[in-house]
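Chain A is fixed; fit chain B onto it per the hints.
Note that the protein sequences, when read in sequence, are chains A and B.
As numbered in the numbering used here, residues 1 to 249 make up the first sequence, in order.
As numbered in the numbering used here, residues 1 to 430 make up the second sequence, in order.
Note that these hints are calculated values from the structure, not bench results.
Sample of chain B residues with no beta-carbon within 12 Å of chain A, all distances over it, derived:
id: 1; residue: Asp-13
id: 2; residue: Pro-25
id: 3; residue: Asn-55
So, partial list: chain A residues that the calculated Cβ filter (under 10 Å) puts toward chain B:
id: 4; residue: Tyr-45
id: 5; residue: Gly-52
id: 6; residue: Glu-71
id: 7; residue: Glu-73
id: 8; residue: Pro-87
id: 9; residue: Glu-89
id: 10; residue: Ile-90
id: 11; residue: Pro-91
id: 12; residue: Ser-94
id: 13; residue: Ala-141
We put the beta carbon where it would ideally sit given N, CA and C, even for glycine.
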Amino acid sequence: MLEIKNLHAKVGDTEILKGLDLTIEAGKVHAIMGPNGAGKSTLSYVLSGRDGYEVTEGSVLYKGKNLLEMEPEVRAGEGVFLAFQYPVEIPGVSTMNFLKAAVNSVRKYRGESEFDAMDFLKFVREQTKILNIDDDMLKRAVNVGFSGGEKKRAEVLQMAVLSPAFAVLDETDSGLDVDALRIVGEGVTALRSPERSMLVITHYQRLLDYIVPDVVHVLADGKIVDTGDKNLAIELEKNGYANYVEAAA
Amino acid sequence: MNALSPLSQSFIDQHGDAEFTARAPWLDQLRQSGLENFSSQGLPTPSVEEWKYTNLKVLEKLDVSTSSEAAAVDPAELIWLPADMASHKLVFVNGRYSQELSEIGELPDGVKVLSLAEAMISESELLADNLGKIGSIENAPVLALNTAFINDGYVVIVEKAELEKPIEVVFVNKADASSSNHSRNLVVAKDNARATILERHIGEGDYLANHGFEVLVEGGSHVKHYRLFEDGAAGINLSTAKASVGKDATYDSFVLSIGGRLNRNEIHVACKEPGAHTNLNGVYVGRDSQHIDNTTQIDHLVPNTTSKETYKGALDGKSRGVFQGAINVAVGADGTDGQMSNKTLLLSDESEIDSKPQLEIFADDVKCAHGFTAGELEETSLFYLRSRGIPEAAARAMLVEGFLAEVVEAGVDEEYQEIFKAKISVWMEN
Numbered sequence: 001m002l003e004i005k006n007l008h009a010k011v012g013d014t015e016i017l018k019g020l021d022l023t024i025e026a027g028k029v030h031a032i033m034g035p036n037g038a039g040k041s042t043l044s045y046v047l048s049g050r051d052g053y054e055v056t057e058g059s060v061l062y063k064g065k066n067l068l069e070m071e072p073e074v075r076a077g078e079g080v081f082l083a084f085q086y087p088v089e090i091p092g093v094s095t096m097n098f099l100k101a102a103v104n105s106v107r108k109y110r111g112e113s114e115f116d117a118m119d120f121l122k123f124v125r126e127q128t129k130i131l132n133i134d135d136d137m138l139k140r141a142v143n144v145g146f147s148g149g150e151k152k153r154a155e156v157l158q159m160a161v162l163s164p165a166f167a168v169l170d171e172t173d174s175g176l177d178v179d180a181l182r183i184v185g186e187g188v189t190a191l192r193s194p195e196r197s198m199l200v201i202t203h204y205q206r207l208l209d210y211i212v213p214d215v216v217h218v219l220a221d222g223k224i225v226d227t228g229d230k231n232l233a234i235e236l237e238k239n240g241y242a243n244y245v246e247a248a249a
Numbered sequence: 001m002n003a004l005s006p007l008s009q010s011f012i013d014q015h016g017d018a019e020f021t022a023r024a025p026w027l028d029q030l031r032q033s034g035l036e037n038f039s040s041q042g043l044p045t046p047s048v049e050e051w052k053y054t055n056l057k058v059l060e061k062l063d064v065s066t067s068s069e070a071a072a073v074d075p076a077e078l079i080w081l082p083a084d085m086a087s088h089k090l091v092f093v094n095g096r097y098s099q100e101l102s103e104i105g106e107l108p109d110g111v112k113v114l115s116l117a118e119a120m121i122s123e124s125e126l127l128a129d130n131l132g133k134i135g136s137i138e139n140a141p142v143l144a145l146n147t148a149f150i151n152d153g154y155v156v157i158v159e160k161a162e163l164e165k166p167i168e169v170v171f172v173n174k175a176d177a178s179s180s181n182h183s184r185n186l187v188v189a190k191d192n193a194r195a196t197i198l199e200r201h202i203g204e205g206d207y208l209a210n211h212g213f214e215v216l217v218e219g220g221s222h223v224k225h226y227r228l229f230e231d232g233a234a235g236i237n238l239s240t241a242k243a244s245v246g247k248d249a250t251y252d253s254f255v256l257s258i259g260g261r262l263n264r265n266e267i268h269v270a271c272k273e274p275g276a277h278t279n280l281n282g283v284y285v286g287r288d289s290q291h292i293d294n295t296t297q298i299d300h301l302v303p304n305t306t307s308k309e310t311y312k313g314a315l316d317g318k319s320r321g322v323f324q325g326a327i328n329v330a331v332g333a334d335g336t337d338g339q340m341s342n343k344t345l346l347l348s349d350e351s352e353i354d355s356k357p358q359l360e361i362f363a364d365d366v367k368c369a370h371g372f373t374a375g376e377l378e379e380t381s382l383f384y385l386r387s388r389g390i391p392e393a394a395a396r397a398m399l400v401e402g403f404l405a406e407v408v409e410a411g412v413d414e415e416y417q418e419i420f421k422a423k424i425s426v427w428m429e430n
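If we strip away everything but chain A, and leave its shape as in the complex, we get (with noise of 0.2 Å):
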């Protein structure tokens, strides 16, 4: 599904990605873990092509094709979907619209029919009642006055009604509470499919309770130090990240 080699990326002057190697095979869900500084954030937003993420070297094949050359829209049409850290307030536009507009977007894309507004509700709120959220949000403007909760859920709703084949999380678990987290996390797995691949990308372990990934990886210092099964990911939050970051350094 993705295949990453050598992989090289500086954000201004400062090389962030310092020859990451990382294989993702289909229906698996792999997490990275490490410390703040590691370069978790600039893998996310490399993978989904966003400006000022410059690569220097390495590549990225998804499916077989050159991710790196795509726009943004194109990767997401492929099927690249990043569930944001940050989700960002889009004043003034519904959800509702929001929503219709990407999934139409992506489905013209992929050579799917459009939905027209009846249709796409009906799809919406098959969606929204698997993840508990209240029909009202969609009426809200996008992400404006939501709590991290409601960021985050919508964020999944997002990844529903997009259907990816690859999905990068990036510290969904940020700024959510216990149930928040549980609530996230079901909606997550209830994603996992033989035919979609994701990258958890997390500081703490408590997420992968909830989504328990096939793989670990451990990132430092632009590189993966360490790879194992979800056991490496209990080691860690026991241990810390301390010797990793002195062997990278």
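Just chain B now, with coordinates in the frame of chain A:
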């Protein structure tokens, strides 16, 4: 007296030849005072602070010696409200009331909606009491010019009554040859009256439409004045509105400026008695070399009056926007709350906004704030939408529309919002 410019002089010459149908000694006197006031200063130039950013030199291309004549109008082009929205409708063609295109219909007791020419006959006393009284022409040469030419316009009088249907007004300009006209309009709302006015300005050809509005809102009344300026590409629209707001009364103004070569929209609101409140909201969008000027002044004259003002714009091409917002708090006007904000998206390198806030506060216990921003779309927002599959152009349009829609939602009753939002969407598509 300074020598007047040929342009200003031509208005005065035109006045000598003008034939006014609305006649009364007091009205002749009022026109004369307007003419004298205008003659003493002429049209404003950028050397006048209030006109620093808007140059009326563009008017020189117009042959103003001609007053607009009657013209044929296709009723179909006047339609702008949803088919199922009933209204009391008045149409003015080149500044003159058109009986055949208007449809005022049944009015509840306590409500009068009519043309100024008709009101000169049936409501002469009320006109004499109010015209030229609500809006001073001191330091207002464009309104003085309008006053010199008072002859027609709309008159709305609502006392102890609630108007359920909106009053719909369409000003249409059809200029075969370049020409000018000056409508003068009056709204009087007293004793817990309620009225909504939906006003639309359209036109074709080279013209100057110089509108004057006087609005009196008293005794717990609430007037909502929503205006759409979509003049023709060569049209010049100068509008001056003066509102006087009394005890526990509210004047709401919403303005959408979307067309015309030059649109100056000036609104002065005087909060004259405790509990007076005004909401001034506006959206302006420009492209090519359009010039859109929103100039407002709110005077808080007594204790415990409030105002809230938000103007937002999106400027493309070589268009230029002007926002001048003055809030004056008089001595002793404690408990004033005045909030003002102006935000502009500059969609091209050559577009420009001149934004000038002006707070003059002579009372101690007041809450006044203003905020001004101008800039491009947020990169983060754009990336967020694109990462959801929305192509860049559509994402930009969505962000601009959302940015502007916020003001429509804040400033317009829900049932009328779509009328204005749809106009913005159409503008975005072009």
